[in-house]
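S.K.: Based on the sequences and whatever the hints tell you, model everything.
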Amino acid sequence: MKTDAVTYEKKDAIAFIAMNRPEKRNALSVDMVNDFVDALKEAEKDPEVKAVIISGEGKIFSAGGDLEVLHTLDNSAKIMAYMKQALAVIQTIRELDKYVISAVHGFAAGAGFSIAVAADFVVAKKDAAFICSFTNVGIIPDLGLLKELTDNLPEAVVKEWISSGRPITAEEAYHRGMVNQVTEEDVVEAAMNYAAFIVDGPPLANTFVKHMVNRADEWSSGTNDLQETAIQTLLLQSEDNKEGIQAFFEKRKPEFKGR
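Going by our numbering, the first residue of the sequence shown is number 29, and it counts up by one from there.
If you're looking for bench data, these hints aren't it; they were derived computationally from the structure.
Careful, some of the hints might be misleading.
What the hints assert, rightly or not - Lysine-lysine pairs mimicking BS3-like chemistry, simulated, CA-CA at most 25 Å apart: (1) Lys112 <-> Lys73; (2) Lys52 <-> Lys187; (3) Lys73 <-> Lys38.
Unchecked claim - Ranges of calculated distance between the beta carbons of each label pair, as one might list FRET restraints: (4) Lys87 <-> Gln274: 47 to 53 Å; (5) Asp228 <-> Ala184: 21 to 27 Å; (6) Asp40 <-> Val185: 44 to 50 Å; (7) Gln260 <-> Asp214: 36 to 42 Å; (8) Phe276 <-> Glu37: 32 to 38 Å; (9) Arg243 <-> Pro195: 20 to 26 Å.
We put the CB at the ideal spot given by N, CA and C, even for glycine.
M.R.: What follows is the structure in structure tokens.
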């Protein structure tokens, strides 16, 4: 990575990626989105990494788009280029073969909200908030947030969250199914503990679960059945499957290798 807008660290089979512009409330600069994608790809190609945790340095997760940058985009071509760069973060998270957990503290606003819920799992500090701040500046949610909310919440709730722009507490987001865990502890540490079932789990199976669930609404039942059968045929021949069966009979914890 070329700048310090994003930090990357690996520990105990987990890659920790942090947005690192605390003085700008981790707003998405061009350098940050490019570095973010590079960091995700670095985690993807590392065979030792089984899970990725994304977070924000400083007091908040992310305030979203950098208004100072957006203010300079004076034509459609520049706006489109910036949007495509920022969207690449979301697309890379979705397409990653490894599970991604967002660790949210302070607040995740605008595109920061988009990034947080693009992850496969969300762990949030009890006093954290999620804010659809787009309508405050006369625009709509982007980076996939509108669809993410619509896919997971009643339409009336989506419209309220977006058009009111009110802060959504971590507790409310949890009860609506948008957050997996609420914690009073250090949120990155809580996310690391949460990741235990991923780190100890079968990497190959988890990869297929992620991609199949992400695409479930695109497939007919017949297509899904074919995909399930093909993938299960592959996995039943894997070393992980053999290890899981042997561990079951030996009454021990399996040691999956992703092979």
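S.K.: I'd like to know which numbered hints this structure contradicts. Please list them from smallest to largest.
M.R.: Of the numbered hints given earlier, those the structure breaks are 2, 5, 6 and 9, listed in rising order.
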